[in-house]
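S.K.: Start from chain P and add chains S and L according to the hints.
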Amino acid sequence: MILLISAQQPESQSPINKRFGRTEWLMKYDSETAQWQSLANPGSQRSGGAGVAAAQFVIDQKADVVISGAFGPNAAGAFRAANITMSLFSKEVKTVQQAAEYFLQDKLEIFE
Amino acid sequence: MRIAVASGKGGTGKTTVATSLALSLANEQNIRFLDCDVEAPNAHLFLNPSFTKRQDAAILIPEIDAEQCTLCGKCVEVCQFHALAKVGKSILTFAQLCHGCGSCTWNCPVNAIQEIPNPIGKLESGLTPESIQFSRGVLTISEPMSTPIIRQLKRWEQPQPEQLTILDSPPGASCAVVETLRGADFALLVTEPTPFGLHDLNQIIGIVQEFNIPAGVVVNRDGIGNDVINAFHDKHNIPVLLRIPFSLEIAAGLSAGTSLIEIKPDLRQEFLHMFTQITRIVKTTEEGEK
Amino acid sequence: MLTPNSQAKQLILLSGKGGTGKTSLSAAFAHLSQKSGHPIPAIFVDADVDAANLGLVLQPDGAQQHEFWGGSIAEIDPENCIGCGRCEEVCRYDAALPTDEKHTLYEIDPLACDGCAACVYACPQDAINMTRQQEGLWFHSHAKYGDIFHAELFPGKENSGKLVTTIKQQARLAAEDNAIPLLIIDGPPGIGCPVISASAGADLALIVTEPSKAGIHDLKRIFETLRHFRIPALICINKADIYPQGVQEILRYADEQQSEVIAEIPFDASITHAMVQGQPVTVYAPHSPASRVIHDLWSTVVQRLNQTED
Chain P
1 MILLISAQQP ESQSPINKRF GRTEWLMKYD SETAQWQSLA NPGSQRSGGA GVAAAQFVID
61 QKADVVISGA FGPNAAGAFR AANITMSLFS KEVKTVQQAA EYFLQDKLEI FE
Chain S
1001 MRIAVASGKG GTGKTTVATS LALSLANEQN IRFLDCDVEA PNAHLFLNPS FTKRQDAAIL
1061 IPEIDAEQCT LCGKCVEVCQ FHALAKVGKS ILTFAQLCHG CGSCTWNCPV NAIQEIPNPI
1121 GKLESGLTPE SIQFSRGVLT ISEPMSTPII RQLKRWEQPQ PEQLTILDSP PGASCAVVET
1181 LRGADFALLV TEPTPFGLHD LNQIIGIVQE FNIPAGVVVN RDGIGNDVIN AFHDKHNIPV
1241 LLRIPFSLEI AAGLSAGTSL IEIKPDLRQE FLHMFTQITR IVKTTEEGEK
Chain L
2001 MLTPNSQAKQ LILLSGKGGT GKTSLSAAFA HLSQKSGHPI PAIFVDADVD AANLGLVLQP
2061 DGAQQHEFWG GSIAEIDPEN CIGCGRCEEV CRYDAALPTD EKHTLYEIDP LACDGCAACV
2121 YACPQDAINM TRQQEGLWFH SHAKYGDIFH AELFPGKENS GKLVTTIKQQ ARLAAEDNAI
2181 PLLIIDGPPG IGCPVISASA GADLALIVTE PSKAGIHDLK RIFETLRHFR IPALICINKA
2241 DIYPQGVQEI LRYADEQQSE VIAEIPFDAS ITHAMVQGQP VTVYAPHSPA SRVIHDLWST
2301 VVQRLNQTED
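Residue numbers (our numbering), protein chains in the order written: chain P, 1 to 112; chain S, 1001 to 1290; chain L, 2001 to 2310.
No lab work stands behind these hints, which were simulated from the structure alone. For each residue, glycine too, the CB sits at the ideal point set by N, CA and C. Not one of these hints is a red herring.
Beta-carbon label-pair distances, calculated as ranges:
#	chain 1	residue 1	chain 2	residue 2	range
1	P	T33	L	D2061	50 to 56 Å
2	L	A2179	S	T1140	39 to 45 Å
3	L	P2286	P	Q61	56 to 62 Å
4	L	E2075	S	T1140	32 to 38 Å
5	S	T1052	L	N2306	48 to 54 Å
Same shape as in the complex, but just chain P:
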């Protein structure tokens, strides 16, 4: 399973970034190989439509799951169309790695 998580820095120990569209980094985790990869969000500095731009990027990464603090209506629409699960950070989650662990243990809320 491929997870993409919004992050403040390009590392698995990075603090989470609660903004989705304008997050600086997206950390990609492959649960089968347990490999991390850091990806700069190409939409972080764009005007208008940052949410859709970031969503397009996540979709192109063939993600199964995306985890962030909130999703705007446009990004959420794109993820639903792409059948990608959206999940929200819980209060306990501080780092990107924790977010992945919590999600895999079914401890994170799914954003419908």
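M.R.: Then chains S and L, alone, in the frame of chain P:
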């Protein structure tokens, strides 16, 4: 001639001034009035037009023919506003992000996109009892973009020769105000003598100077605050053309939807005098440019 | 509840029509939030970035200044332009124009350019590039009653909605870091993009209206906008004694819409005098008729915020 009435700060009396100017001149001039405050249009409340013509204000958004689309993603690439996304085996369109520029349509290598109108508001026009040719744009509730409606409103009906156009601008100093002021021969800036009024007047002056259009100031509710406007005049050398005193009688009358020159008929002469000054300034500016 | 343990509640002041008193009331709320028997730590956001006036009353200092970069606009390289006019053909904003009557060169009017880049793709010479624009500044400063996030959009720029989103996000993150339970947002006029951005995520809206035909017309438009976005809205009437018939009409409307008029603030010159002095009216004239009503209004607002869902 086109006179745009603008202010920066909201609620300073743009509509009061624009409608009173129109009513003062209605006997001697052929007037076209455009209410460009499409988010909160109020001029009709004072001019009472009968709307006889209506049209949608629409943005052209892409419609993708799935049969022809090869999913090459060119449209997604060229769209600067991220109004398109390629998701699985389809292209999604986000109508509220689309600016209607047409770029995706022209760049599609297989001509799979056609443009369809997506209404975001309406245009209305009609005559007032004084034969002012009134038109306005109205943004539909929950739609974000007002500027395209202003652009369409200005192009909707061509002015007749020798017609005086008065444009009532939205508040603020961003793109919607730029669209209203574009092509104006004169900017009439309405302010109130308070720190808020002065601060926001300075914002709009930035636009007026970039367009290089002559301007004049109307001080409304004169007497309520402090006289910060003289300092402004000294700095920018923009003349104060009219001062409208504050009075509770005026405030109550305007609240009831009565126009300023009905409440205070003697102000009509002052509006006519202001118009003479504006005409002179515009003429001098034109001669200077030649 | 307005406790430090939960996510900050967002209160936004809106009006539709400009100049009804949003900023004066926001400033008074800033004062009252810290003054009353149970002070509520709050962060203030001036979301009217075209005409940012809250700072003129709250008089913040120690501002951290940040650049705001918005969209890009097109620029034609005159060295490579062959004057073919393709840019003019595709531009729907009348921004690509010949520099002379012979059409030997074209240039972009930066005030007209919408940043769509249609000309970039149409130019056979690759002579057009998109250049990012700094469209304003935003500030995080400290005022007597709490931190304030405010901004200045450079005159004539687009993207005021995005700038509003930026400062609101920063304010939310600051609230979270410092366990501050309340954001008070001084909203822009109108009902379009900046208003939608400023209202996103709000828990409660207070519509500040005036009892005039124009005020009521625009009250209805902002009320419907808030309902569309499912934001609960309460109404307060400013300058209520200027036109009593208007007050009656607003009361009827609120009733029909199952909303509520929670205060009627009388016309009071002390509001303008306080603005001139750069003080909240509740500081400048604590016992003026307007200040008395605003005190009660603040208590009601706090009570209603406590009733909103966490």
